[in-house]
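Could you build the full structure based on these sequences and the hints that come with them?
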Amino acid sequence: MAEIIETVVHLFYPRVSNDHKAKILHPDSIFALASLLLALQLLLRSFPAVGIRILGYASNIPPQKIIELTNQRRAEAGLPPLVYNSTLSIAAKAKGEHMLANDYWAHTAPDGTEPWAFFANAGYKYKYAGENLARDFSNPEAAIEAWMASPSHRENILSGRYKEIGVAVVEGDLAGVDTTIIVQLFGSPVAESGQIATAFASSEKVTPTPVPTNPLTPTATLSPSQVASPTLLPSPLLTPTPGYLDSITSSTAKSQSPLGVIISPFDTTRSVSLLTIVLILLIMVIDAFVVYKKRIPRLSGRTLAHLAFLGTILAIALMSRAGVIL
Amino acid sequence: MLRKISRHIAHFMPLVGILLVSVGGYFIFWYDKEFQAVIIIAASVSYVFWGLAHHHLHEELHAPIIIEYISIATLGLVVGLSLIFVA
Chain D
1 MAEIIETVVH LFYPRVSNDH KAKILHPDSI FALASLLLAL QLLLRSFPAV
51 GIRILGYASN IPPQKIIELT NQRRAEAGLP PLVYNSTLSI AAKAKGEHML
101 ANDYWAHTAP DGTEPWAFFA NAGYKYKYAG ENLARDFSNP EAAIEAWMAS
151 PSHRENILSG RYKEIGVAVV EGDLAGVDTT IIVQLFGSPV AESGQIATAF
201 ASSEKVTPTP VPTNPLTPTA TLSPSQVASP TLLPSPLLTP TPGYLDSITS
251 STAKSQSPLG VIISPFDTTR SVSLLTIVLI LLIMVIDAFV VYKKRIPRLS
301 GRTLAHLAFL GTILAIALMS RAGVIL
Chain F
1 MLRKISRHIA HFMPLVGILL VSVGGYFIFW YDKEFQAVII IAASVSYVFW
51 GLAHHHLHEE LHAPIIIEYI SIATLGLVVG LSLIFVA
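Protein chains in written order, with the numbering used here: chain D, 1 to 326; chain F, 1 to 87.
These are computed hints drawn from the structure, not numbers from a lab. Some hints could be false.
[Said to hold, decoys possible] Residues on chain D that point at chain F, a partial pick, calculated with CB under 7 Å: (1) P27; (2) I30; (3) L37; (4) A149; (5) S150; (6) P151; (7) F266; (8) S273; (9) H306; (10) T312; (11) I313; (12) A315; (13) I316; (14) A317; (15) I325.
[Claimed, not checked] What the simulated footprint calls covered on chain D by chain F, stretch by stretch (three residues with Cβ under 8 Å from a Cβ of chain F suffice, anywhere in the stretch; the number is not a length): (16) 38 to 45; (17) 276 to 287.
Computed from a predicted model, the values in this text were never measured in an experiment. Note that CB positions come from ideal geometry on N, CA and C, so glycine has one too.
Take a look at the structure:
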């Protein structure tokens, strides 16, 4: 017991044994702490490889809520609401499931499949099209907020070009992490044959660009024969029903996870980071106070500067939130 | 004494400026993970250089002090980048 106390004092309190500086504040200890935090990250990333599933989301995100919030933001900007289109939701669901099946997080799949291929495959003929992606948000409001903060995503949400919207929320395994992906597709159906179609992924520069004439082969212009008349659009203006929208939320992760979800990498990292930084800050303050009171001369960096820098990192840790948009 | 304090304040102003800009940038660009990572790397590197300049001006720049600043910056960098890339 006495040994434990001795070790604790040695680690946390400046005295002769630690050269009048808490041992935990010595550079070798700080490097060791940083290494342990890195090791934690490696451990969290290695869980899926050994069959332990980890949680990348904690969400209940109804697609209907995403549509509501999107139209709310449009109304605030003086724009007309987007009309729900079930074909777009089917395309969105296909895109989300394609990402999970092929383990990628991007507008364009590793095999070169463009976002617009999913519109075409679902049977949606568009004049303009757009795609916003989000993953690992805990609620719909946070995802919309993130999109609105990003100029390119915001432009999709507030674009007057789009008339219709489809949303899918897909849950499953992305790179070993149980993830919730939100796919938000925008479209403006073709009104007349022969019109040039234009497509925008949220991260792309919003200037008219060529679109594919078929799902996988991009060319400059849709020929009249390839453009369906509006009456041929499959169920273009369906009123969403709760049951149907629920079906757009697909979940594959839980059924594939016999061990169940055990840990959230973000929450774990955040908690450990906060704990580490607060502990170091606390010991620095005690250390500086003792050294000042005892008037101990020592060669050291500026404690005030260290406190300011780590205080900044603490603020950053507190501001951090889960969720990525694309 | 006053001269010493004013000299310290003059030295700490740039550091406070760097750190405030970092926190502000991190907050404003919270939707852009890559840019947030750049901000944290820039803040950590700036912090080390601030430490080197400060101690050099005080004529007390020695290897243990340099290592101390690098260790603190490394810890901050690891924490910041972990939070960004795990999200």
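Against the structure, the hints:
no. : hint       : verdict
1   : P27        : 4 Å, holds
2   : I30        : 4 Å, holds
3   : L37        : 5 Å, holds
4   : A149       : 4 Å, holds
5   : S150       : 4 Å, holds
6   : P151       : 9 Å, violated
7   : F266       : 5 Å, holds
8   : S273       : 5 Å, holds
9   : H306       : 5 Å, holds
10  : T312       : 4 Å, holds
11  : I313       : 4 Å, holds
12  : A315       : 5 Å, holds
13  : I316       : 5 Å, holds
14  : A317       : 6 Å, holds
15  : I325       : 6 Å, holds
16  : 38 to 45   : holds (count 4)
17  : 276 to 287 : holds (count 3)
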